[in-house]
Structure formats: C-alpha cells, structure tokens
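Letter by letter, the chains look like this.
Number of protein chains: 4
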Amino acid sequence: MKPEIAKLGYISLVSADLEKSLVFFRDIIGLEETEEKDGVHYLRAWGDFQHHTLSIQQGDRGHVKHIGWRTKTKEDVAAFGKLLEEQGIAVDQVDAWKTPGIGESISFQVPSGHTFNLYFDVKRPPVDEHRRSVLKNQTYKSWAKGISPRRLDHVNLHTSAESSATYSFMEEVLGFKMREYLISDEGNVLAGWMSVTQLVHDVALVSRPETPTKARLHHISYWLDDSQDILRAADILREHHFEFVGPGKHAISQALYLYVTDPGSGCRVELFTGSYLIFEPDWQPVEWTESERSFGNTYWGDSISKKELVKETIEAL
Amino acid sequence: MKPEIAKLGYISLVSADLEKSLVFFRDIIGLEETEEKDGVHYLRAWGDFQHHTLSIQQGDRGHVKHIGWRTKTKEDVAAFGKLLEEQGIAVDQVDAWKTPGIGESISFQVPSGHTFNLYFDVKRPPVDEHRRSVLKNQTYKSWAKGISPRRLDHVNLHTSAESSATYSFMEEVLGFKMREYLISDEGNVLAGWMSVTQLVHDVALVSRPETPTKARLHHISYWLDDSQDILRAADILREHHFEFVGPGKHAISQALYLYVTDPGSGCRVELFTGSYLIFEPDWQPVEWTESERSFGNTYWGDSISKKELVKETIEAL
Amino acid sequence: MKPEIAKLGYISLVSADLEKSLVFFRDIIGLEETEEKDGVHYLRAWGDFQHHTLSIQQGDRGHVKHIGWRTKTKEDVAAFGKLLEEQGIAVDQVDAWKTPGIGESISFQVPSGHTFNLYFDVKRPPVDEHRRSVLKNQTYKSWAKGISPRRLDHVNLHTSAESSATYSFMEEVLGFKMREYLISDEGNVLAGWMSVTQLVHDVALVSRPETPTKARLHHISYWLDDSQDILRAADILREHHFEFVGPGKHAISQALYLYVTDPGSGCRVELFTGSYLIFEPDWQPVEWTESERSFGNTYWGDSISKKELVKETIEAL
Amino acid sequence: MKPEIAKLGYISLVSADLEKSLVFFRDIIGLEETEEKDGVHYLRAWGDFQHHTLSIQQGDRGHVKHIGWRTKTKEDVAAFGKLLEEQGIAVDQVDAWKTPGIGESISFQVPSGHTFNLYFDVKRPPVDEHRRSVLKNQTYKSWAKGISPRRLDHVNLHTSAESSATYSFMEEVLGFKMREYLISDEGNVLAGWMSVTQLVHDVALVSRPETPTKARLHHISYWLDDSQDILRAADILREHHFEFVGPGKHAISQALYLYVTDPGSGCRVELFTGSYLIFEPDWQPVEWTESERSFGNTYWGDSISKKELVKETIEAL
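Chains as they are written, first to last, in UniProt numbering: chain A, 1 to 317; chain B, 1 to 317; chain C, 1 to 317; chain D, 1 to 317.
Hint data in this document are derived by calculation from the structure and do not stem from the laboratory.
Just to be clear, a hint being listed does not mean it is correct.
[Stated by the list, open to error] One side only, chain A facing chain D, incomplete, derived with CB under 8 Å:
id, residue
1, K123
2, H130
3, V134
4, W143
5, I236
6, R238
Glycine included, each C-beta is placed from N, C-alpha and C at the ideal position.
Full structure from sequences and hints, please.
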C-alpha cells in the first residue's frame with residue numbers, strides 16, 4: 001500500500017528583517033506564538049491544532065527553507081523514504097524534535113526544486129490559560145488581535161522545472177490529486193491546484209520557465225471563516241499602511257482572496273475564504289485553457305492578473 | 001425662513017432599450033414595480049417608502065430627464081419657486097399627479113444644467129398582499145429577487161459648468177451642506193459631496209470641464225445593509241455576464257461600492273453600503289487635495305480611478 | 001482492505017403534503033430540481049455535484065425512506081455487502097438506475113434502525129443553459145432563489161437502540177470516525193458526531209431511549225458559505241411566516257445554525273455554516289460531559305436546548 | 001423659532017467597580033480613552049467625532065448621572081433654558097469645560113425623572129499619531145481591540161412616571177419625533193422610539209409603572225456597521241465568560257441586537273446594527289399593539305421578551 005500525506009504542516013521561513021516579520025505575522029495577521037527557541041519563532045493561527053504552522057528566523061535574505069507535510073501514519077514516513085530513494089531522490093533523515101513539535105522526519109527535494117519534510121509524530125503544547133479558548137475543540141481564543149485567521153490553508157509554489165515530470169511526481173509519488181489545472185494551447189500544464197485533503201488545493205504549483213531560480217514561493221495562505229473577515233482585513237492593513245491586492249474572487253477554486261506581503265521576508269500571504277470542498281472520490285479535474293487564465297484568476301474584484309505586485313516571488317531553496 | 005429640501009426623491013430615466021432596462025432593474029437589481037402608466041415603469045426598492053425612486057421609459061437615447069427632491073413642507077415648494085425666480089431662474093409649474101405618486105411640483109435647471117423637480121405631496125399606494133412585508137415598518141418583503149437593495153441612496157452628477165457658481169448655488173439657494181470635497185491646487189472645487197440629510201451625500205457633483213455636454217449623470221446609487229450584500233451582488237452580476245467595477249472602498253465617504261451599468265439606458269448604478277452619518281450641526285467639510293484624489297476614490301479594492309469603464313456618463317438634460 | 005464510504009449522498013424523503021414540501025424546498029430553501037420521475041422529485045443545491053441530494057414523494061405520513069452514501073470505489077459496494085452479511089445483517093441488492101442518477105446499490109438496516117443505501121456509480125445530468133453557472137467548477141448559478149445553500153452537509157439521526165453496539169457498528173463496520181461525543185455520567189455515549197470526510201460530522205447519531213420508534217431523523221443539513229447567509233435566511237423565513245430556532249452557535253462543531261421544518265413532511269432542515277475541518281490523521285475525539293450538554297449545544301444565541309420545537313423528530317423507517 | 005436638539009451626546013456613568021468597568025468598556029467593547037481627569041475616564045468609539053460619548057467614574061453604586069445632548073446652535077442652549085423655565089422646570093447652569101470637552105450647558109430633570117444636559121460648544125482633542133485613522137473622516141483606526149463599534153447610537157430609558165405627560169414633553173418641549181410606539185389596549189403609550197435625527201430612535205422611553213425608582217436606564221447602545229460584527233462580538237464575549245442576550249432582530253426598528261452588561265456598573269450595552277433611516281418629513285409613527293409586543297421586540301433570534309436577564313435596569317438619577 002502506498003504511503004500517504006495527510007495534510008500541509010508548516011512553512012519554515014527566513015526573514016531578512018525578523019523584527020518586521022514578527023510585527024507583521026503576530027500583530028497584523030494576528031498569529032499566536034507557541035514558542036521561541038534558538039532564535040526561531042514558532043507561530044500558528046487560533047484554530048491550528050498542531051505545534052506551529054509557520055516558523056520564522058533571521059537570515060541574510062527572505063526565503064523558504066522547507067515545507068512540512070504530515071503523513072497519515074508513522075510508518076508512512078519511512079515508506080516515503082524508501083519510495084523516494086527508489087525514484088533516485090536523495091533523502092535526509094532529520095532527528096525527532098530538532099524542529100520543535102515535529103518528530104522524526106525525512107527531507108528531500110521535489111523535482112520543482114522545493115524542499116519538503118515529511119513527519120508524523122507531533123507534540124501538542126498546552127496553551128496558556130489566558131489565551132486558551134473556552135471551546136474544547138479550538139486552540140486559542142479567536143479575534144485576540146489583528147486579522148485573526150482560523151488556520152493555515154495552502155501554499156503556492158512557482159518553478160522553472162520541466163512541467164510534466166513535476167506534476168507527475170506530485171501525483172504519482174506523493175499522491176496529490178489534481179483538482180483544477182490550467183493548460184497551454186500546446187497541452188502543457190501551466191498551473192495545477194492539487195490536494196491530499198478535501199480542499200481544492202493544499203498546494204498550487206505554477207510553471208514559470210522564466211523565473212530566476214528554480215524553486216520559488218508565490219504565497220502561503222491562511223483561512224478566515226467569512227467573506228467579511230477579508231474586508232475587515234483590508235481595513236486593518238490600510239490603517240497600517242500596507243499595499244495589497246484584493247479583495248477579489250478566483251474562478252479557479254471559487255475563493256475570496258486578499259494578498260499582502262510580509263515586509264521582513266518578502267513572503268506573500270493570501271487571506272482566503274469561500275472555495276468549495278471535494279467529496280467525490282472520482283473527481284474530474286477542472287480544465288482551464290490559456291485563454292481562460294485571466295477569468296480563472298479573477299472572477300471579479302481587484303485583479304491579480306494585472307498587478308506587478310503579485311508577480312514577485314521569493315526563493316524557496 | 002428659508003425653504004428646505006428633505007430628501008432625494010427619484011430619478012426619471014429614459015432608456016434606448018426599455019426591455020433590457022426592465023430586466024436589469026427588476027430582475028438583476030431586484031427593484032419592485034409600483035405601477036406602469038403610459039409606458040412609464042415606476043420602480044422602488046423594498047425599503048423605499050415613497051411611490052417610486054426610479055422611473056424608466058423608452059426613448060431614442062439613454063438619458064436622465066430630471067431628478068426629484070421632496071421638500072420639508074408643502075409650503076416649501078412655492079417658497080422655492082419664489083426664491084429661484086429671484087435668482088433669475090426659470091421655474092415651471094408641474095400639475096399634481098402628472099407624475100404618478102407625485103403632487104404639485106416645480107421644475108427648473110440648476111447651474112450645473114441638471115433639471116430638478118421639487119414636490120411635497122405624495123401618494124403611497126397599497127402593496128399587494130403577497131409582496132408586502134410582514135414588518136409594519138417595511139414596504140416589501142426583502143430578498144425577493146436579484147441583488148435586492150434596501151433603498152435609493154444618492155445621485156452623482158457631472159457638469160462642465162463653472163465650478164464655484166455651481167457649488168454656491170447648491171449650498172446657498174438649495175441648502176445642501178458640503179460634507180467632503182476635492183480641491184485643485186488652484187483652489188477650485190473639483191468635486192463636492194453634499195447633503196440635506198445626515199448621509200455624507202445625497203448628491204455628489206463633479207466638475208468636468210471636458211465633458212461633451214453640460215449636464216451628465218455618473219451614477220445613481222442604491223443602499224444595501226451589509227458589506228457581504230455587495231459581494232453577493234458581484235456573484236449575481238457575473239452569473240448574468242455583467243462587467244462591473246468593484247468591490248472597493250472609498251476613502252471619501254468610507255463607503256463600500258460596486259458600479260454596474262444598465263445595458264438599456266447606459267445609466268450606471270452604484271451598489272453602496274458602509275459610509276457614516278453626520279449628526280454634528282457644525283460639521284467641518286473634509287478637504288481632499290488633488291494629490292489625494294486617487295486615495296480618496298479608492299481606499300482599497302478594485303479601483304475606480306484606473307478604469308475606462310467608470311469614465312462614461314450619460315446625458316442629464 | 002476494508003471498504004470505505006466517501007460521503008453522504010442523499011436523503012429519500014416522503015411527505016404527507018408534497019405540494020407544501022416542494023414550495024418549501026424549491027422556493028424557500030431554494031434547491032434546484034434535477035428531474036421528476038414517477039412522482040418523485042429529485043432536488044439538489046447549486047453547489048452539489050451529484051444527481052440529487054434530496055428526493056421527495058407523496059405518502060401517507062412524513063418519513064425518511066433511506067439515506068444514500070457513496071462509496072470510495074465501485075468495488076466497495078460489493079465488499080460492504082459481504083462485510084455486512086458476515087455481521088449477520090440482511091442486505092438487499094438494488095438495481096442500477098432504479099433511483100435516477102444512482103447505480104447499483106445495496107440497502108440494509110444499521111443497528112440504529114435506519115436504512116442506508118451504498119452506491120458508487122452515478123449519472124451527472126447536464127444542466128439547462130439558463131440555470132448553469134458561468135463557473136466550470138459550480139453546478140448552478142448561486143442565489144437564484146430563496147435561501148440558496150451551497151450543498152448538502154450532514155444528517156442527524158435519533159435512535160432508541162442500545163447505544164454502545166450502535167456506535168461501534170458505525171465506527172468498526174462502516175468506518176465512521178468519532179470526532180466529538182457527549183457522554184453520560186455512567187459512561188454511555190449519548191450523542192456522537194462522526195465523519196468519513198474531513199467535516200466534523202457527516203452524521204450525528206443521538207441516543208434517545210425514550211423515542212416512540214426506533215429510528216428517527218432530527219434533521220438534514222444544508223451548508224451556506226457565510227454567517228450572514230444564515231441571518232438572511234432568517235429574514236426570508238419570517239417573511240414567509242415560518243417559525244424557526246436560531247440563529248445560534250453550537251460549541252460542539254463550532255457551527256452557526258438555524259433550524260426550520262418543512263411543513264409538508266415534518267423534516268427539519270438545519271441551515272449551517274462555520275464549523276471546522278479535521279485534517280489530523282490521529283484526531284482525538286472531543287469529549288463533552290452531560291453537564292456540558294447545554295453549553296455544547298448552544299454556545300450562544302437562540303437555544304436549541306430549551307425549545308420544544310426542536311424535540312420533534314420524524315420516523316426514519 | 002423653537003430651539004432644537006441635534007443629537008445624543010454622551011452618557012455620564014458611575015460604576016461600583018471602576019476597574020471592572022474599564023476592562024469591559026476599553027478591552028472588551030473596545031472604546032478608546034480620550035482622557036482621564038479627576039478620576040473620571042472619558043471614552044468614545046473609533047468613529048465618534050466628539051470628545052467622549054461615555055464617561056465612567058467610581059461610586060457607591062452603578063447608576064447614570066446624566067445624559068448629554070448637543071443642540072443645533074449655541075443659542076439653542078439658552079433658548080431651551082428659557083423654554084424649560086416657562087414649563088416650571090428647574091434649570092441649572094453648568095460652567096463650560098467642567099465636563100471635559102463640553103462647553104456651557106444647562107441641566108434639568110425631564111418628567112421621566114432622568115437628568116439631561118444640553119450643550120453646544122465642544123472641544124475636539126487631537127488624536128495620538130499611533131491611534132489616529134489614516135482616513136481624514138474617521139477619528140481612530142477601526143478594529144484596534146475588542147468588539148470595536150463605530151459610534152454611540154441611542155439610549156433606552158425606563159420610567160414609572162405618568163405616561164402621557166412624559167411623551168408629550170419629549171415631543172412638544174424637546175422636539176423629539178415619535179417614530180414607532182407600542183400602545184396598550186387602553187390607549188396608553190407603553191414605549192416610544194423617538195428621534196431628533198434620521199435614526200429611528202436616539203432615545204427609547206419605556207413606561208414601567210412597577211419600576212422601583214422613577215428614572216432608570218435599560219441600556220446604552222453602540223453601532224456596528226455589519227451584521228457579522230454582532231456575531232463576532234458574541235464570540236469575543238463568550239471567550240471572556242460573558243452572558244448575553246442575542247443575537248436577534250427587533251421588528252420595531254428592524255435592528256440586529258446583542259445585549260451585554262458591564263459587570264462594574266450594571267449598565268447594559270446594546271450592540272446594534274441594521275435598522276433603517278427616516279428621511280420622510282411627514283413620517284407617520286408606526287403603531288404596535290400590546291398583542292404585538294413580543295413580535296415587535298423579537299422578530300427572530302434570542303428573545304429579549306423571555307429573559308430575566310434583560311429585565312434589570314439601573315438607576316438613572
């Protein structure tokens with residue numbers, strides 16, 4: 001039986017200006033800090049159930065170190081290691097708890113050039129009394145500060161790697177299901193929205209042959225429950241002098257979006273709600289042609305197609 | 001004592017394609033029809049209390065015939081007539097009920113070139129049982145069809161008339177209070193948001209020396225109660241193949257907006273919510289400089305500054 | 001390998017007054033009709049992807065005939081048949097397309113007394129041009145009429161059957177995962193919220209030893225995207241003279257709710273949004289004690305604990 | 001010409017536990033503090049334009065000292081003084097700036113027993129850079145903390161005074177217009193919703209012959225822009241262990257409500273949105289009969305009619 005990924009776990013981010021990044025993610029976005037260790041800050045949203053969904057540390061330049069994914073079982077970690085080595089992919093073993101909250105894991109580069117970590121074991125730290133939700137099924141009190149999203153949703157990766165091998169690997173080796181995709185007139189996949197969960201995407205992978213380095217990150221995304229939360233986010237961001245793109249609605253994924261960039265790391269955050277869930281076991285991926293790209297990206301609202309602002313990506317290697 | 005205007009009453013609109021306009025205003029916007037008489041359709045929103053807030057009839061070209069304003073008292077109609085004639089302005093007497101629901105009125109041209117009708121007496125027709133709200137303080141059931149705004153909010157007029165005389169007339173003769181305004185580096189008012197009510201504006205008047213005819217209409221506006229209603233409106237419009245500008249938020253007036261154009265008349269409709277009320281009797285008009293125009297127009301969201309779409313106006317004479 | 005259920009499929013409902021039920025579900029709730037065959041009406045929401053999520057037909061009394069569940073693979077249907085027979089449960093084979101849109105299925109009674117149908121094959125009928133969404137990933141235009149929910153969410157079943165055998169069967173034979181549960185001081189499960197999907201529940205099963213017949217239905221639930229949609233639903237329902245319970249928020253599942261009853265069948269519908277998704281593969285079910293039942297049911301808002309209105313259930317056999 | 005009141009100004013509140021009240025109003029409700037002087041804290045919402053809309057100080061028991069109303073002109077203050085004395089009502093002159101931000105005023109008791117202060121002159125203190133809105137037409141940044149309402153809306157007063165004289169005084173002497181009212185089968189006004197603005201009510205006055213002292217306060221109300229803001233408020237309140245009534249919708253005034261009580265003073269706060277504006281100069285007050293009282297109070301949602309919680313009032317003298 002093939003090993004399986006259960007969910008997106010966390011993003012390990014390096015910032016060129018840690019203080020700015022912490023103000024952005026803690027005070028403006030409104031994430032909670034689980035702990036700080038060896039200069040790395042571990043953050044999560046009020047409805048995230050694991051140790052952290054984002055880590056940030058100081059570095060020379062803003063970039064993503066790796067992206068963590070939790071497997072379905074403990075055995076899946078080793079099974080993925082074996083499977084990847086059979087594919088000729090170098091796999092590193094990472095000691096348990098080296099990353100706080102994360103047990104034994106394996107680390108490797110996907111063909112798109114991004115580093116993924118796979119793990120199963122996790123620690124769930126207790127929450128301080130004054131920050132803990134009165135709800136047993138919720139981690140922190142909601143609405144404590146800033147925009148206050150519920151949980152990590154997905155990542156959007158760009159790559160200059162050859163398209164078909166990359167998407168095949170994601171589907172065949174890692175088990176992602178293609179949910180929606182954009183196809184060129186020549187029949188190449190230009191972008192794929194893929195998931196192991198019932199979300200439309202845990203990861204979007206965009207083919208960008210022209211990108212300066214192979215593996216890049218376009219954005220990470222946090223989920224909010226209601227459309228109006230996105231409008232409230234816009235107010236909060238403007239009051240703190242942020243530029244952003246949105247609000248608008250994607251046709252692809254049907255999600256309401258707002259994109260804003262962490263001034264410390266250059267990492268873009270998509271505030272995200274709406275969208276739909278896929279329960280059908282035989283889902284037929286929705287195909288969008290090149291001529292539908294603009295409509296697919298912007299069903300209505302402030303357009304992500306036309307803005308220079310959204311073309312920037314940060315390195316993810 | 002000076003006569004006073006109480007409120008914006010209605011817009012009398014001519015459409016080059018009446019059928020298209022009726023589909024737009026009745027099915028998409030979701031206005032109710034009070035009555036049809038002599039080919040003129042009288043419409044209003046579910047929370048409008050008067051006979052109609054919009055009339056539409058077939059004509060050669062889309063344009064606004066006149067804009068109706070209700071006075072505070074019956075005596076104010078004649079008093080305004082006298083006052084206007086003292087200003088050298090030609091005043092026509094209009095027979096009561098010539099416009100269904102509207103009593104005796106006077107008609108005249110403001111310096112901006114727009115025709116205003118002033119009236120006090122109104123008829124309030126009974127509402128059909130199946131369309132009547134169960135609420136005693138509400139006219140029709142809400143949410144019966146389409147976007148379903150609550151009530152008429154304001155009009156936005158463009159003019160090539162000389163700026164200072166026009167704004168002075170609005171304030172000194174008609175009693176509008178300037179609430180916010182945009183001023184050129186030379187000290188000319190470029191746009192004024194004015195009201196007789198506690199809204200920021202019942203009328204916005206924009207100085208456009210370059211406009212092809214003197215008196216034009218940029219949009220009429222209907223109010224919705226909640227921000228999400230604007231997002232729902234965007235969904236409804238796209239499903240029916242409409243292009244639009246928005247959603248976005250004005251800095252001036254703090255309102256959430258979406259602009260869409262009636263394909264029959266070319267009349268633009270602003271779907272509008274948020275904003276603020278002015279209760280202070282000594283309100284100091286908020287001044288915005290030319291360099292702040294773009295910020296003033298678009299605090300965030302889909303920009304009205306950059307779109308050709310919103311530059312179009314229809315004749316209002 | 002054990003067969004698996006992928007998702008809740010549909011509810012087959014019998015109404016004592018079909019006309020009333022159709023007005024309720026089509027005009028007030030705002031479901032679309034896929035087809036009518038042999039006096040049975042097949043309905044679904046604008047975001048449902050399958051043939052129907054609700055069928056209604058005339059009968060002597062309002063009751064649920066059976067509840068359909070789609071399996072993960074075609075082979076799972078037969079595999080479940082075998083598994084159930086091994087458990088000593090009688091299994092009926094149902095011919096393909098006997099129920100429009102639904103292929104070969106098996107029918108059986110779960111220990112709670114409810115009849116479940118398991119199927120995999122489905123037909124996806126084309127949608128009329130004028131009702132079809134402009135979005136490729138959405139079935140119908142949203143907001144066409146009434147409350148307009150997105151999709152079927154879950155069912156809530158009551159039973160007088162012995163508690164522990166019932167919950168064990170759901171988990172061990174059918175593969176439902178317990179997500180949250182309510183436990184008596186004596187250690188009996190009083191209610192369980194269980195899912196095969198990442199929703200908190202596809203089915204809630206409530207132990208009611210005092211219930212007049214063994215298998216009953218408390219409600220079926222349709223999902224709306226935004227909290228405000230529930231408030232808009234309240235307005236629509238009152239304008240049409242419906243009594244209801246809500247809006248309120250459950251602590252268990254964190255969902256915003258409104259309960260209203262179809263006057264034809266007596267079937268209660270929960271309009272539902274908010275809640276959370278479970279991606280953790282080792283989710284620890286959240287336990288609520290008897291003393292927390294009221295808090296668990298009503299975190300805030302119009303209380304379902306105190307209302308006679310919500311105690312009514314209809315037969316489900 | 002009769003003097004006129006322009007608007008509700010502020011409530012002067014005494015708390016039995018100042019610290020609790022400050023936590024409630026500053027951190028939970030989210031009001032901003034303009035200044036603290038002589039132990040009195042002056043607060044306002046982010047969209048209030050005047051010095052303060054609420055003052056709180058320590059005292060032996062929670063009660064309202066007086067309610068401030070701003071007049072339309074400076075001359076109106078003296079003119080009201082004269083008018084009141086002609087009615088045989090004792091009028092006190094209050095020195096300018098004795099209450100910070102408030103100029104010369106007069107103080108008197110209305111027949112209902114409540115003390116009103118009338119003033120025109122105000123001071124508008126500058127706002128700290130880091131709390132000031134980037135919007136020129138808004139006082140503070142919105143959404144800085146807690147529930148974050150926009151502005152003071154209205155007060156709801158209870159009295160055991162004889163009904164008809166009380167309502168007559170409010171209308172004839174103070175110039176309030178009756179907008180909606182509840183009438184007993186014997187023809188006595190039981191409650192009146194009255195305004196000098198275009199709101200349905202700046203003050204509601206409820207006749208309660210059984211009340212222990214003559215003049216009492218049921219609630220003060222702050223306005224929020226969107227319905228969802230009320231639901232977010234409910235979440236915030238529960239997370240901080242507050243009991244409350246709502247959300248629900250009044251038929252009278254059409255407003256969405258949530259009632260929560262300051263644990264320091266016992267002063268109830270209504271969080272309020274929706275409702276409608278009255279622009280018609282000849283508005284006919286909407287009459288509700290005794291049998292419609294429950295429907296009038298609770299159109300839907302958590303009922304204010306049935307809850308002991310909302311029967312409590314505090315003294316207002």
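These are the hints, each one checked on the structure:
no.: 1; hint: K123; in the structure: violated (25 Å)
no.: 2; hint: H130; in the structure: violated (10 Å)
no.: 3; hint: V134; in the structure: holds (6 Å)
no.: 4; hint: W143; in the structure: holds (5 Å)
no.: 5; hint: I236; in the structure: holds (5 Å)
no.: 6; hint: R238; in the structure: holds (6 Å)
Hints 1 and 2 from the earlier list are contradicted by this structure; the remaining hints agree with it.
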